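Asker: Sequence:
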Amino acid sequence: MAVNLRDLSYFEVVAELGHLGQAAERLGRTQPALTKSIQRLEAAFGAPLFERAGRGIRLTAVGEVLQARARVLRSASDEAMREVADFAQGNAGHVRIGSGPIAADRVLPALCQLLLQEAPRTTIDITVGPSMELRQRLAEGGIDLLIGLVPMPDAAFETHAIFDDAVVVATSPGHPVFALPEVTLAALLDYPWALPAASIPSRQWLEAVFQAQGLPAPHVQVSANSIPLLPALIARTGLLSFVSRRTLVQGSHGALREVPLAATTLIRTLGVTHRRGGYLSPAARRLVALLRSRGEALIAEADGFA
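With the working numbering applied, the sequence shown covers 1 to 306.
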């Protein structure tokens with residue numbers, strides 16, 4: 001069974017839009033040309049991929065399975081082309097990095113500097129976002145490396161730990177919580193909070209801590225999808241928050257103070273992850289080596305401890 005990759009890319013657009021005419025307009029092709037592409041795929045798989053739905057079309061059960069796999073198939077082809085091109089051109093290649101906010105803020109600037117000093121022809125794409133979302137992109141081949149939270153063991157991924165990080169409750173030094181004779185989970189509920197968005201794993205972990213003790217989740221007065229924003233925000237507003245202990249140093253936002261409580265201290269490991277057996281350009285392989293050998297030192301330098 002032979003499948004044309006161009007037919008597959010056309011199929012993805014038709015599946016996304018659910019309309020041959022709109023797909024033809026986006027792709028700059030004629031409707032008959034797209035119809036022939038779909039027919040070739042249906043002949044290859046021995047089953048219809050679309051069915052009529054009002055004025056448009058929708059995927060059949062077989063079409064849904066193909067849509068889920070099409071991106072992975074195209075990614076494998078793209079990786080093969082990149083590998084051959086890197087070898088043929090003898091260059092350092094291209095690396096696509098997905099990064100969590102902590103690594104993006106503290107590791108990537110110095111890391112890119114080191115990489116470009118060694119291989120000036122390297123090109124780099126950086127996408128910053130939550131590690132959970134980027135993990136899906138990594139699995140689909142949309143990025144080469146994920147620098148962020150170490151995922152649960154998965155045979156599809158290979159991970160190298162870089163450093164451990166603690167996430168703690170913190171606020172401005174003058175907050176009334178520091179006048180309490182004892183800090184408890186229940187006491188923390190008496191104050192408003194500034195927290196990451198509800199989809200961020202660290203916030204989910206914190207809320208689960210309260211819920212496990214039969215307590216409600218903290219009252220969130222400010223919710224932000226930018227974790228690097230939180231230190232400056234709580235310094236100015238006096239709200240409680242949940243941030244990396246590494247941010248509790250003198251900076252442009254001023255000094256912050258940890259609210260010491262073992263129950264609300266999250267220890268997590270950050271590392272670099274790539275697909276097991278996936279193609280890594282020379283630049284990507286060198287970046288992994290730099291992270292493994294110098295990642296912790298780069299973090300220390302960024303925090304002013306080196």
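A hint or two may mislead.
[Unchecked claim] Ranges of calculated distance between the beta carbons of each label pair, as one might list FRET restraints:
hint, residue 1, residue 2, range
1, Pro153, Gly28, 43 to 49 angstroms
2, Gly18, Ala232, 41 to 47 angstroms
3, Thr265, Pro216, 18 to 24 angstroms
4, Gln113, Ala156, 27 to 33 angstroms
5, Arg294, Pro48, 23 to 29 angstroms
6, Leu215, Gly238, 46 to 52 angstroms
No lab work stands behind these hints: they were computed from the structure. Just so you know, these numbers come straight off a predicted model, no measurement behind them. Using N, Cα and C, we set each Cβ at its ideal position, and we do this for glycine too.
Asker: Does each hint hold? Answer for all of them.
Answerer: So, going through the hints one by one against the coordinates:
The given range of 43 to 49 angstroms is respected by Pro153 and Gly28, whose C-beta atoms sit roughly 45 angstroms from each other. With their beta carbons about 44 angstroms apart, Gly18 and Ala232 fall inside the hinted range of 41 to 47 angstroms. Here the CB-CB span from Thr265 to Pro216 is close to 20 angstroms, well matched to the stated 18 to 24 angstroms. Under the hint 27 to 33 angstroms, the C-beta atoms of Gln113 and Ala156, about 31 angstroms apart, fit the expected range.
For Arg294 paired with Pro48, a C-beta distance near 54 angstroms fails the hint of 23 to 29 angstroms. Leu215 and Gly238 have their C-beta atoms about 22 angstroms apart, which leaves the hinted 46 to 52 angstroms range violated.
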